[in-house]
Structures are given as structure tokens and as C-alpha cells.
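Student: Keeping the supplied structure of chain A fixed, place chain B with the ligands upon it in accordance with the hints.
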Amino acid sequence: MANKILVYIDHFAGQVVPASWEAVGVGTSLAEELGGDVVAVVLGHEVEEFAQNAIQFGAGGVLVGDAPELKDYRPEPFASVLSQLAAEAEVLLFPTTSRTRELAGMVAVDLETGVIPDVVAFEIKDGSVLATRPIYAGKLLTKVVCSEKRPQILTLRGRAFPKPEPDPGRSGEITPIEMELGEITTEVTGYSESKVGVSLTDAAIIVSGGRGVSNNPQLSPPAEITDESEQEIWRAQQGFALVGELAQVLGAAMGASRAAVDAGYIPYEHQVGQTGKVVSPDLYIACGISGAIQHLAGMRTSKTIVAINRDSEAPIFKLARFGIVGDLFDLLPPLTQAFKDRLGS
Amino acid sequence: MNIVVCVKQTPDTAAIVTVEDGVVSWGDAPVVLNPWDEYAVEEALRIKEAHGGEITAISLGPEDAKEALKQALAMGCDQAILISDPVFAGADTLVVSKILAASIDKIEGTDLVIFGRASVDSDTGVTGPQVARRLGWPALSLVAAISSLDPEGKTIAVERMLDEGRQLVSSPLPAVVSVVKEINEPRYPSFMGIRKASRAEIPLWTAAELGLDEISDPAVMWPDIMAPPKIETEVEMIEGETPEEIAARLVDRLMEEKVI
Ligand SMILES: Cc1cc2nc3c(=O)[nH]c(=O)nc-3n(C[C@H](O)[C@H](O)[C@H](O)COP(=O)(O)OP(=O)(O)OC[C@H]3O[C@@H](n4cnc5c(N)ncnc54)[C@H](O)[C@@H]3O)c2cc1C
Ligand SMILES: Cc1cc2nc3c(=O)[nH]c(=O)nc-3n(C[C@H](O)[C@H](O)[C@H](O)COP(=O)(O)OP(=O)(O)OC[C@H]3O[C@@H](n4cnc5c(N)ncnc54)[C@H](O)[C@@H]3O)c2cc1C
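Here the protein sequences come in this chain order: A and B.
Following my numbering, the numbering of the first sequence begins with 1 at its first residue and continues without gaps.
Following my numbering, the numbering of the second sequence begins with 1 at its first residue and continues without gaps.
Please keep in mind that the hints were generated in silico from the structure rather than gathered at the bench.
All residues carry an ideal CB built from backbone N, CA and C; glycine is no exception.
Treat each hint with caution, since some may be false.
Just some of the chain A residues that point at chain B, by a computed CB distance under 7 Å [as the list claims (entries may be wrong)]:
#	residue
1	Thr142
2	Cys146
3	Thr304
4	Leu335
Below 20 Å or equal to it, Euclidean Cα-Cα: the simulated SDA-like pairs (lysine to any residue) are [unchecked claim]:
#	chain 1	residue 1	chain 2	residue 2
5	A	Lys143	B	Asp21
6	B	Lys258	A	Glu123
7	A	Lys318	B	Met237
8	B	Lys258	B	Thr242
9	A	Lys143	B	Asp105
10	A	Lys125	B	Ile225
11	A	Lys71	A	Ile177
12	B	Lys230	A	Asp282
13	A	Lys143	B	Ser25
14	A	Lys163	B	Ile260
15	B	Lys154	A	Ile184
16	A	Lys303	B	Lys258
17	B	Lys258	A	Thr304
18	B	Lys230	A	Lys125
19	A	Lys303	B	Ala227
20	B	Lys258	A	Phe339
21	A	Lys340	A	Gly244
22	B	Lys154	A	Thr189
23	B	Lys154	B	Glu182
24	A	Lys340	B	Ala248
25	A	Lys303	B	Glu234
26	A	Lys4	A	Glu123
27	A	Lys318	B	Val17
28	B	Lys106	B	Ala208
29	B	Lys98	B	Glu108
30	A	Lys303	B	Asp78
31	A	Lys340	B	Lys106
32	B	Lys230	B	Trp26
33	A	Lys4	A	Ile174
34	A	Lys303	A	Pro162
35	A	Lys303	A	Gly344
36	A	Lys4	A	His45
37	A	Lys163	A	Gln52
38	A	Lys340	B	Ile260
39	A	Lys340	B	Glu257
With the rest of the complex left out, here is chain A (with noise of 0.2 Å):
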């Protein structure tokens, strides 16, 4: 019998995770080494479309799972679905997300076997996925392998793999499935929209800033602020909107260091790091960030890396492809406007 492998399509509020097409590469490539069928999953209600999709990027089948009680992302019913689909599957990929992690390891619970999160390359060795995987907040790596066990359960850190190109004269069956939801005990009662704007994990450009950013003497707060740690959350404020101005010309993410979440400046859900989001766009802009090691483990797999820091010595120069060494409050907005008469033209 043909292998299968299986793979997750994640997708939140219409939209699919775009690290969903890259697991559809890597699906592709498997089976290339190991012979078989890529087959899709896509569960949720009223999501025929992403099956559409997921033919285009790849896959030669669909499994449709679709039914009211799969409109809100809940693991329990997901991870029951999958077990019943994976249970004589070669490999389960997902695209690593917040929802996929627990998915995987829920599902290697049901089928007793092995799970491998975050995977950002793999070869084959004796039959199996040798997976590598980053670990000490990518300080170390390690190679992880489930060689007994099936199915083999991965998830695909997000921009580790390439997208393939969709093709839309591709045609491939569109399978509805019977489900077994099993017993639903929560309720999602609500979503509140974080402000983030382009997500971390998927932007290609991330702006970030540092404390460095709250750094403007000559800034002199409105006279009604009168609290110091007030005042400089206001100095941050215009700092960051400096950072906002130039992440926006290049259709970029807001990131942000530590220190500056810990300060007030900026919402946790922008934070970079050991302690935040792992990222790895293809240009990291840093502003008045240091470079400290927890923050190096978030974005030092970022192809390009700019930084721009008052001090000559900060860590971050270390790992920059390209440095300037000045005050950001004086470089960003000419650094904005040159990007705009280029990227316009």
C-alpha cells in the first residue's frame, strides 16, 4: 500500500496559516523520497475553499472534515479527527502554530507514538524523517528522529521551508469525511483581535524596537504628564511611532525587545526573543536594541539583518550584516523617506 502523509491544513478566522503551503512542500518532498500520496487535511466549517487551495500548492487529495461543532478551533474534537485519519498514516505534518503544537502532541497520545515539534530541516535515514530541531532557544540544534512508531509526527517552524508555487491547473479529489467528534466540554465564548497588524511569525520584514527607542531628551512630554515612568512611555511612544512609519512603507511587523515590553512601551504580543516570538524574516531592521543573547535567540536566523545603534559596541553589530552606528530618532525618518522614493518608484 502507497504511504500516505498527511497534512494539516491550520487556518484561523478565513485565513490559512501560509506555513500550511510550506508543509504541503515538505509533503511533496517526502514523498519524492519515500513514495506515496500527500494528502491534505482541512477541518473547520465552511472551508471547501482551502481545499481548492491546498491542490494547487501540492497536494493530490483533500480530506474535508465539516460540521458546525468545528467552527471554533477546540483541540479536543480537532485532535480526535486527526487520530482517526493519521491511524494509518507514514507522516503528520503541521506548520508549527499556537494551535498545532498541542494538536501534534495530542494526536501522538491517541496513536502512541512520537512527536517532533518546531522542525526546521530534515533528511531521510533508514526509512525515517530525521528531523533537526532547535533547542536552548536556538543555541544548540538537535536531530530527532521516531523510527519505530507510525505515523511521524512533525510540526514546521514557519519560513524554514519554501513556499511552492501554486498552480491553478492543478486538479486533485475533494473527499468529505465522517467524523467522530467525540464529547465537547468547552465553550469558546469570544475572541479579542490582538493590534499586532502583519503577524510576526509570517511577515517577511520586521521592524523592531529597543529602549533605545524611549531614548529622545529633546522630546519634552506635554506638560500634563507629569509621572516620569509616564513620560517616558511617551517619549517610547513617539519613538515607536518612528518604527511604525517605516515598518508600514515596507509592509513590515512590529517587533519589539524585552525591555521595551517590560517598560510599557509596546503590547507583549510584539516581543522578539527568548521569552516572546521566534522569528526569521528575510530583513530584521533593530532600533536601539542592544542584542542581548534571549533576544538573539528570537531573530538570529533572520536572512538580513540590519541594526541601528547609538553605541558602536552593542552585541547586536555581531550578527548584523549591515550596521549604523547613530541615534535612531535622527536616522529612522530619512531612512523611511529613502525607502518610500525607492520602493514608490
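Tutor: Structure of chain B with the ligands alone, referenced to chain A:
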């Protein structure tokens, strides 16, 4: 509210971690309570302060995992249990979740289990949800706030931190929660707490005590640990007479190198 907090011992995050022949070392940096687990312990303490009950910290690991448990006790947990047995060596999350679930079963009467979101060393982030699955209790992962808790009605409502925003979920108890940093600000252990912890007897549970005569083999193995490839960057400093000149040069260079 009886709470179990699962904690792991990890090297300090500021440590320079190196590897030689597959053996990881972190010099003389201290081992500490996994930073994420401090938030788990803190949340348990806050729930106890509001609703009463007992907090038990448990850790699976070698003898020196006691340090993490002592830190949990020093912060204010009522008791700690070390789960340790030579047969546990090499356990993957599949096996660890089985042992932790068996331990929680043995503790009895638990209303809530709290995990950190991940360990800062091997960082799989799956142990909490796996324990939930084994116990058959709801998995409430990546919780940034507990918005309500009703010990009598046995319900809990939480805000989960998804990548896209917060999801509000209500659930019956018992349940398994994993927490993110936003949930609270962990306290420092008090002097009294540290004294109490240093004297505390920490019971040891082995496989036999948990009724786990047959420990299944781990499903995954990690045959190789290595340093990441050195990132070979020679920083190119961009200079100029005015900020405008510097800005234009940087944009030129980024375009030449096809970064944008
Ligand atoms: C357990 C643990 C986990 C952690 N997790 C994280 C994490 O996830 N993410 C994270 O970022 N940190 C994390 N940290 C914190 C980390 O150690 C640093 O404290 C933090 O990254 C420093 O932030 P910063 O670079 O913004 O601030 P600083 O180190 O204070 O650096 C500010 C920089 O701005 C420069 N500067 C000042 N004014 C200007 C100006 N006007 N123009 C240009 N440059 C200027 C200065 O020269 C300096 O280099 C963690 C720490 C611990 C202990
Ligand atoms: C180099 C290396 C690579 C590994 N790779 C994998 C892998 O890919 N897949 C796999 O299944 N296993 C793997 N393991 C095994 C895994 O590290 C252990 O099973 C570990 O005990 C739990 O996983 P974690 O540290 O990732 O914890 P996480 O799941 O990241 O931790 C989440 C929370 O679970 C709790 N917790 C974690 N460990 C314990 C414990 N021992 N006692 C009590 N509470 C705990 C804490 O609250 C923690 O905050 C690896 C181990 C090593 C050394």
C-alpha cells in the same frame, strides 16, 4: 481548589550553552526552575490566595531536579514530589506525559493542573496538552489570563493567546492549563520561604510506586546534538555625512543585495 504544578529544571537562560560529542554543558551557570514554570507556580499561588486549597509541585527528573522543586516550595507551594527512577532515563514527551498523568492520578482530588508553555531547554511545548489528553481533561493551552474560576460550580474561563489574538474559552474542571508570560509577574521567594524550602522533605516516587511496571519505550530519540552553523556575517558599517546620506546608502546596499 487543589492544584498540581508541573515543573522542570533547566539551565539559566543567560548561560552560554555548548556541546561536545553530543554532550551539552553550560559551564558553571546555575540550574533554575524553568522560567515559564515560575508563571505556573505564581498563578497557582494566586488561585490559592483567592480560593484556598493545596498546591503540589511535581517534577520528573534526576535527583538534582529537587532544586526546581525547592524553588517552587520557596515561592509558596505546600508540598513537592520528585518523580524519579533510572528507568525514566531517555523518556520522550510521550512517556513523560504518561508518568506525569499517573502521578496526578495518584495525588487524587486535583481540580487544576498548571504547566509552563514550554521548557527553555528541549522546548517541545507539548507535555501539558499530552497530559491533558491522557487524563481526559480539557487542554487549555497558552493561557494569558484566567478570567473566572468557580470552585463550587467547577468551571473555569480563560483567555488563550493564539498567534492571531486571544480566544476566550470556558471549560469544566478539572482541566489542564499551560500559561504564558503575560498571565502574571512571578514573586521572588521570601526569606522565610527559602528557609522552609531548604528544610523540606521531598518525597520520591518511583515507577513501582506509580504502578508503572511497564514503562513503554520512548517513540523518539535524539541521536545528535550540535552547535548551529556559525552565521558568517561581516558587518558592513554604513557611514555618511548626514542621516539622509546614510539612509540612501543603506537602501542602495539592500537593493544591490536583493534583500528588498
Ligand atoms: C529569562 C529571560 C528571558 C528573556 N527573554 C527575552 C526576550 O524574549 N526578548 C528580549 O528582547 N529580551 C529578553 N530578555 C531580556 C534581555 O536579557 C535584555 O534585557 C533585553 O533584550 C534588552 O532589551 P534592549 O536591547 O531593548 O535594551 P538595552 O539592553 O537597554 O539596549 C538599548 C540599546 O539602545 C541603544 N540606544 C539608546 N538610545 C538610542 C538612540 N537614541 N538611538 C539608537 N540607539 C540607542 C543603546 O546603545 C543600547 O544598545 C530576557 C531575559 C531573561 C533573564
Ligand atoms: C536534545 C533533546 C531533544 C528532545 N526532543 C524531543 C522531541 O522532539 N520530542 C519528544 O517527544 N521529546 C523530546 N525530548 C524529550 C523531552 O525533552 C522530555 O520528554 C521532557 O521531559 C519534556 O519535554 P520538554 O522539556 O520539551 O517540555 P515542554 O513540553 O516544552 O514543557 C512544558 C511544560 O511541561 C512541564 N514539564 C516538562 N518537563 C517536565 C518534567 N520532566 N517534569 C515535570 N513537568 C515537566 C513544565 O511545566 C513545562 O513548562 C528531547 C530531549 C532532549 C534532551
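Student: Decide if the proposed pair is consistent with the structure: Lys318/A and Val17/B, CA atoms, cutoff 20 Å inclusive.
Tutor: holds, 18 Å
Student: Would you mind confirming whether the straight-line C-alpha gap from Lys4/A to Ile174/A stays at or under 20 Å?
Tutor: holds, 16 Å
Student: Does Lys303/A pair with Glu234/B here, judged by a C-alpha cut-off of 20 Å?
Tutor: holds, 13 Å
Student: Given the hint that Lys71/A pairs with Ile177/A, does the C-alpha gap stay at or below 20 Å?
Tutor: Holds, at roughly 16 Å.
Student: Taking 7 Å as the limit, does the beta-carbon of Thr304/A come near enough to a beta-carbon in chain B?
Tutor: Where the cut-off is 7 Å and the nearest Cβ of chain B is about 5 Å from Thr304/A, the hint holds.
Student: Can the restraint linking Lys98/B and Glu108/B be considered satisfied, given a maximum Cα separation of 20 Å?
Tutor: holds, 16 Å
Student: Would you mind confirming whether the straight-line C-alpha gap from Lys230/B to Asp282/A stays at or under 20 Å?
Tutor: Holds, at roughly 18 Å.
Student: With 7 Å as the cut and Cβ atoms as the points, is Cys146/A at the interface with chain B?
Tutor: holds, 5 Å
Student: Taken at face value, is the distance from the CA of Ile184/A to the CA of Lys154/B at most 20 Å?
Tutor: holds, 16 Å
Student: Given the hinted pair Lys230/B and Trp26/B, is their alpha-carbon gap at most 20 Å?
Tutor: Roughly 18 Å separates the two Cα atoms, so the pair holds.
Student: Does Lys230/B pair with Lys125/A here, judged by a C-alpha cut-off of 20 Å?
Tutor: Judged against 20 Å, a Cα distance of about 25 Å means the pair is violated.
Student: Next pair to validate is Lys258/B with Thr304/A; report whether the Cα-Cα distance is within 20 Å.
Tutor: holds, 10 Å
Violated hints, listed in ascending order, are 6, 8, 9, 18, 23, 30, 31, 35 and 36; each of the other numbered hints is respected by the structure.
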